[in-house]
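Protein chains: 2
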Amino acid sequence: VVNWFWRKGTKRKRVEAPRLRPRSEDVATKVDLADLAPHREQFLGQAAYIQLVIFEGLSATVAGAPTLEAKESLSTAAGVSLAKYQALAAEIRRAGAEPGDFMAPYTSSIDFFQRVTTGADWHESLVTSHITSGILDDFFVKLASGLHDDLAKRVAAIYAIDSHEDLVAQQIREAIDADPKVAARLALWGRRLVGDTILVARSALAAAPSSANDEARIEPVFTELIASHTRRMDALGLTA
Amino acid sequence: VVNWFWRKGTKRKRVEAPRLRPRSEDVATKVDLADLAPHREQFLGQAAYIQLVIFEGLSATVAGAPTLEAKESLSTAAGVSLAKYQALAAEIRRAGAEPGDFMAPYTSSIDFFQRVTTGADWHESLVTSHITSGILDDFFVKLASGLHDDLAKRVAAIYAIDSHEDLVAQQIREAIDADPKVAARLALWGRRLVGDTILVARSALAAAPSSANDEARIEPVFTELIASHTRRMDALGLTA
Chain A
1133 VVNWFWRKGT
1143 KRKRVEAPRL
1153 RPRSEDVATK
1163 VDLADLAPHR
1173 EQFLGQAAYI
1183 QLVIFEGLSA
1193 TVAGAPTLEA
1203 KESLSTAAGV
1213 SLAKYQALAA
1223 EIRRAGAEPG
1233 DFMAPYTSSI
1243 DFFQRVTTGA
1253 DWHESLVTSH
1263 ITSGILDDFF
1273 VKLASGLHDD
1283 LAKRVAAIYA
1293 IDSHEDLVAQ
1303 QIREAIDADP
1313 KVAARLALWG
1323 RRLVGDTILV
1333 ARSALAAAPS
1343 SANDEARIEP
1353 VFTELIASHT
1363 RRMDALGLTA
Chain B
1133 VVNWFWRKGT
1143 KRKRVEAPRL
1153 RPRSEDVATK
1163 VDLADLAPHR
1173 EQFLGQAAYI
1183 QLVIFEGLSA
1193 TVAGAPTLEA
1203 KESLSTAAGV
1213 SLAKYQALAA
1223 EIRRAGAEPG
1233 DFMAPYTSSI
1243 DFFQRVTTGA
1253 DWHESLVTSH
1263 ITSGILDDFF
1273 VKLASGLHDD
1283 LAKRVAAIYA
1293 IDSHEDLVAQ
1303 QIREAIDADP
1313 KVAARLALWG
1323 RRLVGDTILV
1333 ARSALAAAPS
1343 SANDEARIEP
1353 VFTELIASHT
1363 RRMDALGLTA
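Top line first, the protein sequences correspond to chains A and B.
The numbering used here runs 1132 ahead of the 1-based position in the first sequence.
The numbering used here runs 1132 ahead of the 1-based position in the second sequence.
Keep in mind that the hints were calculated from the coordinates and are not lab data.
All C-beta atoms, glycine included, are put in the ideal place defined by N, C-alpha and C.
Treat the hints with caution; some may be incorrect.
[Said to hold, decoys possible] For the chain A half of the interface with chain B, some residues (derived, Cβ under 8 Å), not all of them:
id	residue
1	A1192
2	L1200
3	I1350
4	F1354
5	I1358
[Unchecked claim] If we take Cβ atoms under 10 Å as the criterion, some of the chain A residues that face chain B in the derived model are:
id	residue
6	G1211
7	S1277
8	A1372
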């Protein structure tokens, strides 16, 4: 697997947050990712470890929550991520391996992602959990269609587990209502997260897009992810 | 509710870790705590918030775990605490309240407990999760018998959810095997935790034991908690 973080030598390439507006937000783009989609082991290893990292982020927001109501909501959200992780780990066991076996190749790049996307405070951490899990769950749902039929169905069911999106978004909206000045900072942080998150998504592909043709083929997928991200930011009252 | 931390003026009273050895470890002491046991609201508020704090502690150990195997085990353990918290929160809703309503009176003393029992590193944090949840779960199971019949049964079922005790203990034993020098420090830390944890348990009683007779009546309960604690430390290879 190509590690996109370190693709050009050892210096990390900065990526501008894409600012494309989708041509249409209503038509879901159908793109065949089958030959670029990762195989079972790659898919489950990355998907599971990403869910574990999202769980860690959400549970840190529980510990840092300023009110019992926020703790209550966010603990439910953390439980949803944990349930997704555990279901993906169960798929790894079903494939005859231990979760750690499939996740190990991906920990260093995803730990790096976790480090650079850690918020400076509780509000930024909420935005990190909301925005990165939103984009990555969307992407892994798309990738899952490249798995064999039974597994694809079971994985789709895992990602269809009650979302924590509303619970986390609600906390962010309340924080902005309570102090509208934080909106500008959170908008900036939300934009800052996109580049790193899209890199993690790209690195989940089985093979790096190797031609202009490949790039043209996958571009609509990322355009769609950005469109969903923009809607998510809009729903928070933040400019993407 | 008497707050035992601040019982004597504003200065916190230091409590020596009890070192009593039980006269018999085999005979469970039967003590009627009924008139000292908290009512539904007090019980559920404290039990739920303690479980939430234990969840926070365990999920921090997931984030700090040095290996994927440890992350995997501890995420399961964190899930068990979260499930207990959610079941207790559901009992609060069943009683017609929001979890925060019942938990609010207890947050400052339990947050204080959380602060003073936070480990200095990952190993100490594991011991904190293991030892404090062990003692407090034991105690709340005893207190639950003072609730009305139906609720007592449902609460007993909540505490009977798969325990995370073995998962956390296993991580501690592996750490000690890998570096036997940590054992002395962890034994000291384990002893240090007992006093603070017993204070939280005492403060969960509906009324402070107000006479030598009350004290004599509840003493066997605490002797039994310490006996279980000693067995838990022994199982880790640590001297209590």
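Against the structure, the hints:
1. A1192: Status holds, d = 7 Å.
2. L1200: Result: holds, 3 Å to nearest chain B Cβ.
3. I1350: With Cβ-Cβ at 30 Å, over 8 Å, it is violated.
4. F1354: violated (29 Å)
5. I1358: Violated, about 29 Å.
6. G1211: With a closest approach of 5 Å, the A:G1211 hint holds.
7. S1277: violated (27 Å)
8. A1372: Since the shortest Cβ distance to chain B is 29 Å, the answer is violated.
Checked against the numbered hints above, the structure breaks hints 3, 4, 5, 7, 8 and satisfies the rest.
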